[in-house]
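Here is what each chain is made of, one letter per residue.
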Amino acid sequence: MDVMPKWAEVILVPLISLLLAAILSALVILAIGEDPVAAVKLMVSGALGSTYGWGYTLYYATNFMFTGLAVAVAFHAGLFNIGGEGQAMLGGLGVALVCLFIPWPHWTIAVLAAIIGSALFGALWAAIPAYLQAKRGSHIVITTIMFNFIAAAVLNYMLVNILRPAGSMDPATARFPEAVHLPSLHDLLAPFGIAFSKAAPANVSLVVAMIACVLVWLLIWRTPLGLEIRSYGKSQRAARYAGIGSVRITMIAMLISGALAGMMAINNVMGEAERLVLNAVEGAGFIGIAVALMGRSHPVGVFLAAILFGFLYQGGAELALWTSIPRELIVVIQALVILFTGALDNMVRMPLERIFLALRRTSKSKSTPAE
Amino acid sequence: MTLMQKFLGASAALALSAGAALAEPALIFDLGGKFDKSFNEAAFNGAKRWADETGGKFLEIELQSEAQREQALRRFAESGANPVITTGFAFADPVSVVAPDYPDTKFVNIDGWMPEVPANVQLIGFQEHQGSYLVGMMAAMASESGTVGFIGGMDIPLIRHFGCGFAQGVKAINPDATVIANMTGTTPAAWNDPVKGSELTKAQISQGADVIYAAAGGTGVGVLQTAADEDILSIGVDSNQNYLHSGKVLTSMLKRVDVAVYDSMKAGEGMETGGFTTLGLAEEGVGVALDEHNDALVTDEMEAAVAEAREKIISGDLEVVAYYTNDSCPVLDF
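Keeping their order, the protein sequence lines are chains A and B.
Residue numbering for the first sequence follows this note's numbering, beginning at 1 and increasing consecutively.
Residue numbering for the second sequence follows this note's numbering, beginning at 1 and increasing consecutively.
Next comes chain A alone, as it looks inside the complex (with noise of 0.2 Å):
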């Protein structure tokens, strides 16, 4: 049934839908007068030539695990959960009052309660567009995607009027106080000899962002649930006769969803600003979208995924330190990177597959007169 073999399907399309953005972006770069391989080079020594450039890709690969992670699950149901963004704000809220409000001896026991708190608020504000979908049939993409706009606003207001330490004109919470800062990779590997820059904001996120991809595979192949959240994305009608209930699988797809988009902020909030700030997320949400698209929704898929999205942030935070390319140019060229490996994908793949098709029949037709 399958026209082309697996490793075509996972490795050949996401890497030419690569090659082409690539080349796209060097022609960009060519236009305003820059020097593309320069540029390359910039990006990836920013990115992957130190620890330093490491701590940084990873830690914004480890917000885009969690938001892509959500996402996958979602789509595993059939569902589009376009709220990330807004789910790991209020995952960001319920880090800062787990964090600012209970005395915790050592960062250990706050990190679980942090994952829980985060997990809890990012799943209850998905829980109300689940409950729309399931019960009113209200569009899940359109109700997660206003919801983002509403924790925006109940971001805004629990910041600017509730949590605001009195004199500062930021809108953010005080810090975390040292017992909850979590170590970073630094501290983490330095016990192994590993020397790792210290100034990276990757931090021991990155282990529960892993641990949680393991999960989520676990969940989706290995378990009952799995399978009818999987069966229900693929065929409603099918499922229900089943006897899976929609209301359910929306609701619990949609909670676990939620839950992992509010996680994020233990890597952002707890780990990297140790505070809340207005602009936590920036975008992390939606960029979910694009990892857990270019993943396949596959919990590896999308751990390369996010590597790769975090190498083109600490890459273009790089070209923007050192060189006179604008910054709306290096979103440019992550939005080329999204459009070819998830909007354009069948661009890619349909040609791909008829290169598959004619190459199967001439090896048929060849093998034919042997018989």
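It should be emphasised that the hints constitute simulated quantities derived from the structure, not laboratory data.
Source: prediction; values computed, not measured.
We put the beta carbon where it would ideally sit given N, CA and C, even for glycine.
Do not rely on the hints blindly, as some may be mistaken.
Computed footprint of chain A on chain B, listed as stretches where at least three residues anywhere in the stretch have a Cβ under 8 Å from a Cβ of chain A [what the hints assert, rightly or not]: (1) 64 to 78; (2) 85 to 94; (3) 182 to 193.
Dumping the calculated DSSO-like pairs for lysine-lysine here, alpha-carbon to alpha-carbon at most 27 Å [claimed, not checked]: (4) K34(B) - K248(B); (5) K41(A) - K57(B); (6) K41(A) - K34(B); (7) K248(B) - K202(B); (8) K6(A) - K364(A); (9) K48(B) - K37(B).
Since the structure of chain A is provided, determine the placement of chain B on it from the hints.
Chain B in isolation, oriented as in the chain A frame:
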């Protein structure tokens, strides 16, 4: 091995001394972007003036993400840049974290607030409510309908501070005047949303406003544009925006971020740090823009009233209430 170490040590020393000799100032723009025709652009203009006058060079970056704040600060400090100037209150916290790690580098933050200022950090603030008060007076005098508008960027205390000073100025001239206040949004996107600025302007016009003050960064460009298209007056902010629509912009509330940046760069490594600098009317840190573009709009009466109020504020006879004093505005609800 030892040779290698010596070599590395020598190159490190070389890099250090090179860094010290360079000492270019660095300027970090906030998320609104360099060319917002307003706050960040004022900072850029100050830096450019310094560069033109001295022939010096400066490093700069426009941020894209929150995590880059600390990153850019550290990278510039490590590269030997001095002083490192940041625009926007959101930098106060990252600066307070990074600065102690680089005691030889001077850091400047414009608009920020810290509970304790590290020895190598200087904070520069402006008395925006005083300048806004003056443009509020002018708005009330220019208004025929008795209704004026205020369009803020992101709904944060700083912008309410602008709006509150403006409303006080309006009420000082015409106690019965109506001030309509709207904020563009609750996310940083509100700093750069000219389309929404334009929509809000139309909404305020339909409610009767005939002078609108925009304190919204790049969003203000849309406000000024629509006001000019609909043939009402607007008031610009931060930079002198009178020229954007000559004869249609009543005035601009100047916030001399450019002067702050210029002075910091000029002082260079020797600048004084460890405290707050507050620039108000007396220091000409804020003010009202009068030039050939709004010559026809500003009456002698307005000029006289503004000059009088200015004197009174400087001498302390007239107190414009700051929104921060008790996080509320006596004449305007947000």
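Each hint tested on the structure:
1. Given as covered by chain A, the region 64 to 78 of chain B passes the check, having 10 residues with a CB less than 8 Å from a CB of that chain where 3 are the minimum.
2. With 4 residues carrying a beta carbon less than 8 Å from a beta carbon of chain A, the region 85 to 94 of chain B meets the three-residue requirement, and the given coverage holds.
3. Counting residues of the region 182 to 193 of chain B whose C-beta lies closer than 8 Å to any C-beta of chain A gives 4; at least three are required, and the coverage claim holds.
4. A distance of roughly 25 Å separates the Cα atoms of K34(B) and K248(B); the hinted pair therefore holds under the 27 Å criterion.
5. Simply put, K41(A) and K57(B) have alpha-carbon atoms about 25 Å apart, close enough for the 27 Å limit, and the pair holds.
6. Restraint check: the Cα-Cα separation between K41(A) and K34(B) comes to about 26 Å, which is no more than 27 Å; the hinted pair holds.
7. Taking the CA atoms of K248(B) and K202(B), the gap is near 16 Å; set against the 27 Å cutoff, the hint holds.
8. Restraint check: the Cα-Cα separation between K6(A) and K364(A) comes to about 20 Å, which is no more than 27 Å; the hinted pair holds.
9. Taking the CA atoms of K48(B) and K37(B), the gap is near 14 Å; set against the 27 Å cutoff, the hint holds.
Of the numbered hints listed earlier, not one is contradicted by the structure.
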